[in-house]
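Numbered by mature numbering (1 follows the signal peptide of the UniProt record, and there is no 0), the letters in the sequence shown go through residues -15 to -1, 1 to 269 in order.
Watch out, some of these pointers could steer you wrong.
[Said to hold, decoys possible] Pairwise CB distance ranges (calculated):
id, residue 1, residue 2, range
1, 222, 118, 47 to 53 Å
2, 167, 96, 19 to 25 Å
3, 117, 226, 41 to 47 Å
4, 70, 252, 32 to 38 Å
5, 96, 266, 43 to 49 Å
6, 215, 251, 23 to 29 Å
7, 184, 92, 24 to 30 Å
8, 96, 214, 34 to 40 Å
9, 151, 215, 27 to 33 Å
10, 148, 247, 36 to 42 Å
11, 216, 250, 41 to 47 Å
12, 144, 227, 36 to 42 Å
13, 226, 248, 25 to 31 Å
[Stated by the list, open to error] Below 30 Å or equal to it, Euclidean Cα-Cα: the simulated DSSO-like pairs (lysine-lysine) are:
id, residue 1, residue 2
14, 149, 92
15, 151, 68
16, 151, 92
17, 220, 148
18, 92, 148
19, 149, 88
20, 92, 220
21, 222, 88
22, 148, 188
23, 68, 148
24, 188, 222
25, 112, 88
26, 112, 151
27, 88, 220
28, 88, 68
29, 151, 120
30, 120, 68
31, 220, 151
32, 149, 188
33, 222, 112
Because the hints were derived from the structure by calculation, they are not lab data. Don't be surprised by glycine CBs; every beta carbon is placed ideally from N, CA and C.
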Amino acid sequence: MSRFLLALMLSATTALRVVTRRTLTPRRAAMTMKEGATTVVVTGASRGIGAAIAKDLGAQGCNVVVNYAASEGPALEVVEAIKASGGDAIAIKANMAELDDIKAMFKQVASEFGGCDVLVNNAGITKDGLAMRMKPTQWQDVIDVNLSGVFYCSQQAFNQMAKKRKGRIINMSSVVGLFGNPGQANYASAKGGVCGLTMSNAKEFAARGVTVNAVCPGFIGTEMANELGEDMLEKVKSAIPLGRLGAAEEVAGLVRYLALDESAGYITGHSLTIDGGIAIGAGF
């Protein structure tokens, strides 16, 4: 199996397609959000890793803002799952490539919940292709969502966290952002940029008690993985030292620790891999 093919599968499990419409449509939950609970914003939370993170944090009793770009139905299903587990949630439609959408989303968070306590920058897209043939739109679209969106969401969230003098930001990167990969110049650049942004923001935001860390998943078993077929899955597993795919719930567990655990309050500026050892194995 080629490195390019493996990278395509790696990135596909963490990416969500983002449409270009600028319409922002808030969706409120039926009940009032819990007063005093931690308010968490998870971007790209309608499916895959983002949905797992949102559900996990909701199960801890958080108020969760489930952001989505196009998949309203799945986003509302995540909201209902969170409510059933004892948390509370609303869904907000916002395109991470549009600054106006991002500002409107955080304005709503501030007015309804008193501001964001935890931000999980999960939304992302892929538009893979060889660098020499990559179209300007392929490059820019990925940068706009996967890097600029992370920056602007972090900026908006920090403005709210700074007033409370506490907060946690978790940026979802990728092992591709650490090591690069042929055919993914745009994706690797964006995800590598997220790791650099994580370190810079960690230094800037620390004075206000806000920590910033990145999580870099490897090949995670989501719906995309199930579509590969048994033979291809076995080839993928052979490139992973632990010999298996990761679970979205495992990624969510790491995010939960960074977001909520008191002992994580002294961790900032780090990019943590959760990849079964693929970064040190045959995959790269």
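Verification of the hints:
The given range of 47 to 53 Å is broken by residue 222 and residue 118, whose C-beta atoms sit roughly 31 Å from each other. In this structure the hint that residue 167 and residue 96 lie 19 to 25 Å apart at CB is violated, the actual value being about 46 Å. Remark: the range hint 41 to 47 Å for residue 117 to residue 226 is contradicted by a beta-carbon distance near 33 Å. Distance hint check for residue 70 and residue 252: the Cβ-Cβ separation is about 26 Å, which falls outside the suggested range of 32 to 38 Å.
For the hinted restraint 43 to 49 Å between residue 96 and residue 266, the CB-CB distance of approximately 48 Å keeps it satisfied. The hint said 23 to 29 Å for the Cβ distance between residue 215 and residue 251, and at roughly 44 Å that hint is violated. For the hinted restraint 24 to 30 Å between residue 184 and residue 92, the CB-CB distance of approximately 28 Å keeps it satisfied. Taking the beta carbon of each, residue 96 and residue 214 are about 48 Å apart, not inside 34 to 40 Å as hinted.
The supplied range of 27 to 33 Å is broken by residue 151 and residue 215, whose beta-carbon atoms lie about 47 Å from each other. Taking the beta carbon of each, residue 148 and residue 247 are about 21 Å apart, not inside 36 to 42 Å as hinted. For the hinted restraint 41 to 47 Å between residue 216 and residue 250, the CB-CB distance of approximately 45 Å keeps it satisfied. Range check, residue 144 to residue 227: about 40 Å between beta-carbon atoms, so the 36 to 42 Å window is met.
Remark: the range hint 25 to 31 Å for residue 226 to residue 248 is upheld by a beta-carbon distance near 27 Å. Between residue 149 and residue 92 the alpha-carbon distance is near 16 Å, which keeps this suggested pair within the 30 Å criterion. At roughly 26 Å between alpha-carbon atoms, residue 151 and residue 68 fall within 30 Å of each other, so this suggested pair holds. A distance of roughly 18 Å separates the Cα atoms of residue 151 and residue 92; the hinted pair therefore holds under the 30 Å criterion.
Taking the CA atoms of residue 220 and residue 148, the gap is about 50 Å. The hint is violated against a cut of 30 Å. Between residue 92 and residue 148 the CA atoms are separated by roughly 14 Å; this keeps the pair inside 30 Å, and the hint holds. For the suggested pair residue 149 and residue 88, the alpha carbons sit about 19 Å apart, so the restraint of at most 30 Å is met. Using a Cα cut-off of 30 Å, the hinted pair residue 92 and residue 220 is violated, with the two alpha carbons roughly 46 Å apart.
Taking the CA atoms of residue 222 and residue 88, the gap is about 41 Å. The hint is violated against a cut of 30 Å. Taken as a hint, the residue 148 and residue 188 pair is honoured in the structure, with Cα atoms around 17 Å apart against an allowance of 30 Å. A C-alpha spacing of about 28 Å is found between residue 68 and residue 148, which places the hinted pair at or below 30 Å, so the restraint holds. This hinted pair does not check out: residue 188 and residue 222 have alpha carbons roughly 37 Å apart, beyond 30 Å.
For the hint linking residue 112 to residue 88, the alpha-carbon distance of about 26 Å falls within 30 Å, and the restraint holds. In summary, the hint linking residue 112 to residue 151 is not supported, as the alpha carbons are separated by about 36 Å, beyond the 30 Å threshold. Our distance criterion of 30 Å between C-alpha atoms is broken by residue 88 and residue 220, whose separation comes to about 43 Å. Restraint check for residue 88 and residue 68: the C-alpha separation of about 26 Å stays at or below 30 Å, so the hint holds.
This hinted pair does not check out: residue 151 and residue 120 have alpha carbons roughly 41 Å apart, beyond 30 Å. Taken as a hint, the residue 120 and residue 68 pair is broken in the structure, with Cα atoms around 43 Å apart against an allowance of 30 Å. A threshold of 30 Å between alpha carbons decides the hint, and for residue 220 with residue 151 the separation of about 44 Å lies outside it, so the pair is violated. At roughly 18 Å between alpha-carbon atoms, residue 149 and residue 188 fall within 30 Å of each other, so this suggested pair holds.
Taking the CA atoms of residue 222 and residue 112, the gap is near 24 Å; set against the 30 Å cutoff, the hint holds.
Hint compliance for this structure: hints 1, 2, 3, 4, 6, 8, 9, 10, 17, 20, 21, 24, 26, 27, 29, 30 and 31 are not met, and every other hint is.
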